[in-house]
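Asks: Sequence:
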Amino acid sequence: MSAEGPQPTAPVFRRVGVVAKASSEEALRTARELDEWLARRGLEVLLEEAALRTGGDGWRPFVPGVELDLVVVLGGDGTLLSVARALERPTPILGVNMGSLGFLTEVHRNDLYPSLVRVLAGQFALEERSLLRVDLERGSGESRRYLVLNDAVISKSALARIIELRLEVDNHLVAQFRADGLIVSTPTGSTAYNLSAGGPILFPQLPVAVITPICPHTLSLRPLVVPDTSDIVVTLHTDREEVYLTLDGQEGAALDVGDRVRLSRSERVVHLVKAARSFYESLRGKLRWGG
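Residues in the sequence shown are numbered consecutively from 282, following my numbering.
Below, a list of computed lysine to aspartate or glutamate pairs in the EDC-like style, where the Cα atoms sit at most 16 Å apart: (1) 555 with 392; (2) 437 with 522; (3) 437 with 540.
Hints in this document: simulated from the structure, not taken from any laboratory.
Kindly produce the complete structure, drawing on both the sequences and the hints.
Replies: Structure representation (C-alpha cells):
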C-alpha cells in the first residue's frame, strides 16, 4: 500500500461547448474539426450558432445557460470576453488564439489538440478571474447593469472637447478633473486599454481594480489601484459633448451630464483553463520582453 494516500482523479468531461469567432473562416473550420475530434472520444459537443449554421445534420446548439463541463473558444480575446460574460455558471473556458496577440486566449492554434489531450487528462490548472458589476445610473432615474471581465471606459468622441469627471471611492472624493476619459479595469484587463494608457500590469488573481485617467489635464493625476470591493462612482459633469460608456470594448451607451457609473466586484467569476504558459511567460512572449 502506498504511504502517499489516495491520488486525485482527473475531472470527467462529458459535454463540451465550442464557440468560434463568427467572422473567421479558419475558426469556423476548426470548430467543425474539433466537433469530430471530441465526438470520437465519446464527448457530447454543442456548437455555437455561427459554427452550427455551417454544419450538417445532427449538430447540437450551444446555449450559454446549458450546463457544460468545458467551453473551448476559438478566436481572439474579444470572442472569449463575450462568452465569459454570457455564461451563467463558472464553466472552465479554454481560449484558443486564432489571431496574433491574445492575453486570454493563451493556447495557439497549432497547440490546440496537444493542449486538449492534457486538459482531458486533467493536466491543467483553473484560474479564477473576477468580474466587475457596472451600474449606469441616469440622471433621469433610469438604470442599467452590465458585467465586464476587462474594463469599463468613459471617454469622449474624437471630435469632442476635454470632459470633466468626478471620481469617488467608498463615498470619498478622489478628484474632480478634466481628461479625455477614465478606465476602470480588472486585473485581467490591466494588459488591455489600461496598459496602453500608462496603467500598471496587475497579476490576474489580485483582488483589486485599477482606475486610470486617459490624458488627464492635471499631470499629477496618476493611475490608482483600489480593493475590488470598493464602491467606485464616476459622475459626468460635462454637457453638450459626446461621451460614451464602453464595456469590454463590445457594449456601450451614450452618457449625459449628471449620469453616474457605479462599479464594484461582481459575485460572478470566470474560470480560465491554464494548460500552457504562465502569466509571466505570456508577458515575455506577448510584450516581447527580453530574457
